[in-house]
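The whole structure should be built from the sequences, with the hints applied where relevant.
Chains A and B supply the protein sequences, listed in that same order. Read in the working numbering, the first sequence has 306 at position 306, and its numbers run on one by one without any break. Numbers in the working numbering are just positions in the second sequence, counted from 1, shifted up by 1000.
Hints were generated in silico from the structure; no laboratory data involved. Owing to the predicted nature of the structure, the values given are computational and were not obtained by experimental measurement. Check each hint, because a few of them may be wrong.
With a straight-line Cα cutoff of 27 Å, these simulated DSS-like cross-link-like pairs (lysine-lysine) come out [stated by the list, open to error]:
{"id": "1", "chain 1": "A", "residue 1": "LYS139", "chain 2": "B", "residue 2": "LYS1229"}
{"id": "2", "chain 1": "B", "residue 1": "LYS1289", "chain 2": "B", "residue 2": "LYS1056"}
{"id": "3", "chain 1": "A", "residue 1": "LYS4", "chain 2": "B", "residue 2": "LYS1182"}
{"id": "4", "chain 1": "B", "residue 1": "LYS1056", "chain 2": "B", "residue 2": "LYS1021"}
{"id": "5", "chain 1": "A", "residue 1": "LYS330", "chain 2": "A", "residue 2": "LYS78"}
{"id": "6", "chain 1": "B", "residue 1": "LYS1289", "chain 2": "B", "residue 2": "LYS1230"}
{"id": "7", "chain 1": "A", "residue 1": "LYS56", "chain 2": "A", "residue 2": "LYS78"}
{"id": "8", "chain 1": "B", "residue 1": "LYS1229", "chain 2": "B", "residue 2": "LYS1155"}
{"id": "9", "chain 1": "A", "residue 1": "LYS139", "chain 2": "B", "residue 2": "LYS1230"}
{"id": "10", "chain 1": "B", "residue 1": "LYS1021", "chain 2": "B", "residue 2": "LYS1057"}
{"id": "11", "chain 1": "B", "residue 1": "LYS1289", "chain 2": "B", "residue 2": "LYS1229"}
{"id": "12", "chain 1": "A", "residue 1": "LYS293", "chain 2": "B", "residue 2": "LYS1057"}
Each chain, written out:
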Amino acid sequence: MTEKAFIRGKAVHCALGEEVGPVVSAMRAHQSHTTDVPLSLINLDYTRPYYRLPVKAGDPPPHSEAFFYAVLFRTVEKAIADAGLQPHEIEEMPIFFGSTSIDIPLYEETYRTASNVLSQTSSGYGNIANEIARHLGVKAGCYTFTTACTSSANGVLYASAMMGQGAFDRALVIGYDLFSNLGFYGFEALKLIAPPPYRPFDKHRMGVIMGEGCGAIVLDRCRRDANDFYCLGGANACDTHSVTTHDPEGHAIAAVMREALASAGARPEEIDVIKAHATGSYHNDLTECNGLKQVFGDHLPPVTGLKPFVGHTVGACGAIELVLLSEAVKAGFVPATLGFETPDEELGVVPMTDDLAIESGTFLLNYFGFGGNCVSLVVSNRD
Amino acid sequence: MYIHNHGTFVGRPVADMKYYKEDVSRYTRLHFRRANRFVLLSLAGACRCAHEQSIKKNTGVYLTTENGNLGDTETVLHQIFQMRQFPMPYNFINTMSNTASFYVAQSLELLGRNMTFSSKLLSFERGLELLHCDMVAGSVNEALIGGVDEASFSKTQFEAKFDRRYEDYNMVEGSCWLLMKKEAERAMGEISVVAAFADLGRLLGWIERQAFERPVFVAHGILVAPEDKKAIGRALPDATLFDPIGDIGYFDSAAASAVTHFLQRDGGACLIHVNKDTRGQFMAMRVEKY
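Right, dumping it as structure tokens:
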């Protein structure tokens, strides 16, 4: 990268709330909240936990099209307001949208009474980014990434890389995944959903707890504040081991972390904290820890996972967790891995059990997904 | 970005999935027992493109698509909402369209970049931008890039989306792939420009600045209006009209299809492909066949 991509504006809407300040305060207070979602659609009499968005008075009903766009547009508008963008800056700003479910939540309700709605009426994967462009008056390009849980991380990767090459001066990156029955019942069918508490890297971890949310980031070539984060580098690669799980030895994951570090011009010892993908599933955590040990050896920096605060927000987690981490650091800390209690000797990695006081540093963020997709990003707010 | 090979699998939809499985089995020893139509279409084109080519393990895979997988998504929603049962795990996994780019990588043993990407009506062109970015950055030196889409079966949807008569088009489906390299040696052609324009005037200004050494062909995307075509024709008075949609049929990866169809022609020519999206943006690709 020749030009840096600074985070000029950000917003997040997640289970902890929809204002960045209170969300960070909730993380500092180690708060989290899951909702029990019944599996009544398929006539089962049990529930599974889910990190749902808090219901706000006056909001359209969840699962409605109005709610879908209200959450999306509100989050994006907050990021733009936070960045203080002028109208001409908005107009010229390309959109990088990442999602797993894309427009599925818009169509699901109609399936209660109809079939084949999606293939008869969906306007394609690019439609949501186009709607954002229309809403904001953006005239630049729209890029939609659908690479499962790495979707919006890939958005950050390409937006910052293209900006680094001078393709544009700023970009809007969005990660958005609302609750979908397709995802919820699909994950349960794979027996991946855990009962609370969510505890990645714990010996007694039992799987994933899903979440919904939206993260929006305005990247800009100009630094507004000395404490602003910027993207140093990143990488994407494919682990062809299996469509659902990564190579347990962690070789592919180690390779993508190494490539990300190399592209950032950073040595492993320069990383202050690792934000692990840390889904809490047996295989994912094992694979990630094996990869971490290959890259960092005996000098593993502090490792944390953020999903116990907001759930696994699938394709949105790239943007959401980048906002959560960078804003926590700007507030002076990196949160401990909520819910972690018992080290797992098989993993050989013990995540942070206490918050770490830190105001600046260089951070590695990992994201891995179905389809063998692996992304690592390196960000910093150090001069 | 230099073109080293191309591969195409396009045709009228065939209901029996065995047809696609048998085709793919000619190119790969992997068995895709639970693969869906979208995965098989992707493999059929990509494997043809990679066939008998020397491809490095760090080659990237860029799968561009307008709609991704439709069939398994419908199946899973039907299982949940109508049959009131858990989705079958493989149906659920296949709802994520990047399973197709994964299987392309797995079948060809490619460990590099792996992207499933869309950009309303400009997916292939925007995908080329991502590839160009990775090549400039040095993170990718070789890549397979393709456009993959199932056929549009809905007349209502098609006419609402494009404001065109469904009956005027032969609806096909498939995948069209290019093997791209940074290296020019032994290339069969190149994509020298991929550019976006906010309006027709800027597109025409760009066309007027182009110098051509080879005979020029011009092709249009489905949303390019007759008056746009006339203006483009005036800016390229010596160009021959090239009509891949008329020749092959329409599917939502028609831009990728236009490029591979052009590459099947005799060499020594240049293609200007102009596409347009619903926001009135234009994108142009300049493709040279040596």
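Consistency of the hints with the structure:
no., hint, in the structure
1, A/LYS139 <-> B/LYS1229, "holds, 22 Å"
2, B/LYS1289 <-> B/LYS1056, "holds, 24 Å"
3, A/LYS4 <-> B/LYS1182, "holds, 25 Å"
4, B/LYS1056 <-> B/LYS1021, "holds, 25 Å"
5, A/LYS330 <-> A/LYS78, "holds, 18 Å"
6, B/LYS1289 <-> B/LYS1230, "holds, 25 Å"
7, A/LYS56 <-> A/LYS78, "holds, 17 Å"
8, B/LYS1229 <-> B/LYS1155, "holds, 25 Å"
9, A/LYS139 <-> B/LYS1230, "holds, 24 Å"
10, B/LYS1021 <-> B/LYS1057, "holds, 25 Å"
11, B/LYS1289 <-> B/LYS1229, "holds, 23 Å"
12, A/LYS293 <-> B/LYS1057, "holds, 24 Å"
The structure is consistent with each of the numbered hints, conforming to all of them.
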